[in-house]
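Asks: Could you build all of it, start to finish, from the sequences and the hints given here?
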Amino acid sequence: MAVSAADDAAALYAAWLGALPGFFRAMVPGGMPERGATTDSHEWHTAGPHPAVRPVLDAMAVAQQAFGQLATDYARVLGGEASARTVEAWLEASRGAAQKAQDDLTALAAAAAGRGQSGVDGWGAAAPARDFLRALAPGLDPRAPHPVTEGLDRTFTALADAFGLAPSRALVDACRELSVAEADRLAAQAGYFAFVARTWGRVVDGVAARLRELGARGESIDSLLALVRLWAGVADRSAHEAMQSEEGLRLSAAYVRAATRAHGSRNRVVEILSELCNVPTQAQLDEAYREIQELKRRLRRLERRVDGTSRPAATAGGEP
Amino acid sequence: MSAYDNTAPGAGTPLPIRITPEAALRELAEINARLGRGARRIAALTEDELAIATAPKDEVWRSDMVRLYRYRPAVAEPVQPPVLIAYALVGRYQMIDLEAERSFVRKLLGQGLDVYMVDWGLPKRAQRWLGIGDYVNGYLDDCVEHICERHGVASLNLLGICQGGVFTTCYAALHPERVKNLVLTVTPLDFHGDRGREESGAGYMNLWARSLAGEDVDAVSEAFGCMPGTMVGFAFLMMNPVGNFTKYTTELVDLLDDERRLLNFLHMERWIADRPDHPGEVMRQWLKDLYQDNKLIRSELELDGKRVDLARITMPVLNVYAEGDVIIPVACTRGAGERFGTGDYTELAVPGGHIGTFVGGKAQKILAPAIGDWIKARL
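Protein chains in written order, with this note's numbering: chain B, 1 to 320; chain Y, 1 to 379.
No lab work stands behind these hints, which were simulated from the structure alone. Backbone N, C-alpha and C fix where the C-beta goes; we use that ideal spot for every residue, glycine too. Where hints are given, some of them may not hold.
Said to hold, decoys possible - Only pairs whose alpha carbons sit at most 27 Å apart, straight line, appear in this in silico DSS-like list of lysine-lysine:
no. : chain 1 : residue 1 : chain 2 : residue 2
1   : Y       : Lys247    : B       : Lys100
2   : B       : Lys296    : Y       : Lys288
3   : B       : Lys296    : Y       : Lys306
4   : Y       : Lys295    : Y       : Lys306
5   : Y       : Lys124    : B       : Lys296
Stated by the list, open to error - Covered by chain Y, according to a simulated footprint, are these stretches of chain B (three or more residues, beta-carbon under 8 Å):
no. : stretch
6   : 92-99
7   : 170-176
8   : 205-216
9   : 230-244
10  : 262-268
Replies: Structure follows, in structure tokens:
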């Protein structure tokens, strides 16, 4: 059930990185071709590379795939009749491709938001908690509480508490809170995705402007790598401006807030389950850690007080 | 006229792309061949070839997850008192000794200095309550005490890097009698120095931290305990989403056939991937007290109930900043001398970025010799 903070951070980063290849391919004049056969990016993976280089090899595979797609698309389009001959024509064609990539990402974001808001399954990675809850109390669906159980709950709360059922009610409440928090997290993530999609979409205009500058100076792009470098320079500026913008900062803060709340809600569910199972909770362990840390501080202060008379140390002897 | 003849007359600017289909496919084949060769070479690399932080050193003290190392001196009688280096918590100390040829610590040793390094280790959930005060008045003070006793000196040279520079600044203010000279490198001092001087691509961490509410930071600390190292790493990746994509395309392709440069790249990647978890309480203080409330430069920061008064920093101070630093904008560190109590304050600008200060070719030629000379002139 545990979802690490890294997963939340990865989702934000993936919004940028995952979208890159699609917009990268928008550089191909004549529109974004269908995804064709790509080179087998993993063919050169040999068994047992050093763990320290595995992430590099994986990243190279992604890069190779993206570059291979760009090159083959370029060759196909430039070899056909749909080639753009002016920056304006290229811009028009590339805008269409970028728009499609943007639409895909926006649709993904909307789907994510819808999934959260519709309550169809806002549990996400917390699904095991939901399943555990259902196993524990069949018929109790925290997303759609049964009217009978709701009524019983209201009428016989005190009696239920007397029979020791308070934890199960607390668990239901915590699960409801988790469901809402997960939905909010997905919505915040979707908002951020949509923002990133708009940002990448603007890169095409920047690339066109650079191409015009080059054309005006009589310079040209003679290799795909040079084209990628030009694109990256424009995309880099665009990404930085977007991330540092008021909207970018507001959306990322909203996501951090929502993800933190969802994480806290998961912690609460786990805490109740742990108590039900007589397992020490993280909060209890944290409290023990806090007390240990405080005791260490007290010990340190005492040691400093005792050692105080010997400071500063002698200035002679010792070793170089 | 061929479809790729972009010089044809017509409306608008001719598209200045002169890549034929044959050339595109030829280039792809060349790049694939280079990637293939490179990948096979990378996959065959051994631990010896990938090893970082190889300067000989000995562990001389430890407490909890913290270790104190003494690098083996390069000369028979190294300069005294020793230099103690404190790195940041957000990365591992190995960055100062990434490779033998571009090792900041080896260059300091080459200056005849006696170098110690505190390794903050890998904090776990049990360390979530560690605050900046615990690092400054606890571990760092213990290290200073150990070195002073070992060498029979009353004070030593303290060198802080980035977040470690903040720790050493706090230490120097709280324990000035223990610090002979203070060297700060790429250290944020005025966390609001970038305000009104925002520039694209720089200072994102400042903006991001200030975009959060104080209660957001508290909630993050409460929910996550320790901030996972991978999340800290992602925060740095987020600062350059395009560059972190293109470095595996345009950059890596260019250096795959160059063994030396390839190993440089991989050593850096290895260091980047090794991010320790960040104690929640330190993170809370770091973001709220420093990034948001800018208490350090105003001498309002309190550690363990004591105010960090920069006026108490009366020892000589050398403040080194990187001219192209986008993590710690120059405006956040330069010009802080007037806040210190010392009359001997020096600033040194080095070329390159935040990490380039310690591993970049140009900066390497300047940094260690300048620090060595500065310290030796103040013994």
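Asks: Hint by hint, say whether it matches the structure.
Replies: For each hint, the structure was consulted:
1. Y/Lys247 <-> B/Lys100: Satisfied, since the Cα-Cα distance of roughly 26 Å is no more than 27 Å.
2. B/Lys296 <-> Y/Lys288: 24 Å, holds
3. B/Lys296 <-> Y/Lys306: 18 Å, holds
4. Y/Lys295 <-> Y/Lys306: It holds: about 13 Å lies between the C-alpha atoms, which stays within 27 Å.
5. Y/Lys124 <-> B/Lys296: Cα-Cα ~16 Å, so holds.
6. 92-99: Contact hint for the stretch 92-99 of chain B vs chain Y: violated, 0 residues under 8 Å.
7. 170-176: It is violated: at least three residues are needed, and the stretch 170-176 of chain B offers just 0 whose Cβ sits closer than 8 Å to chain Y.
8. 205-216: holds (count 5)
9. 230-244: holds (count 9)
10. 262-268: holds (count 3)
The structure shown violates the earlier hints numbered 6, 7.
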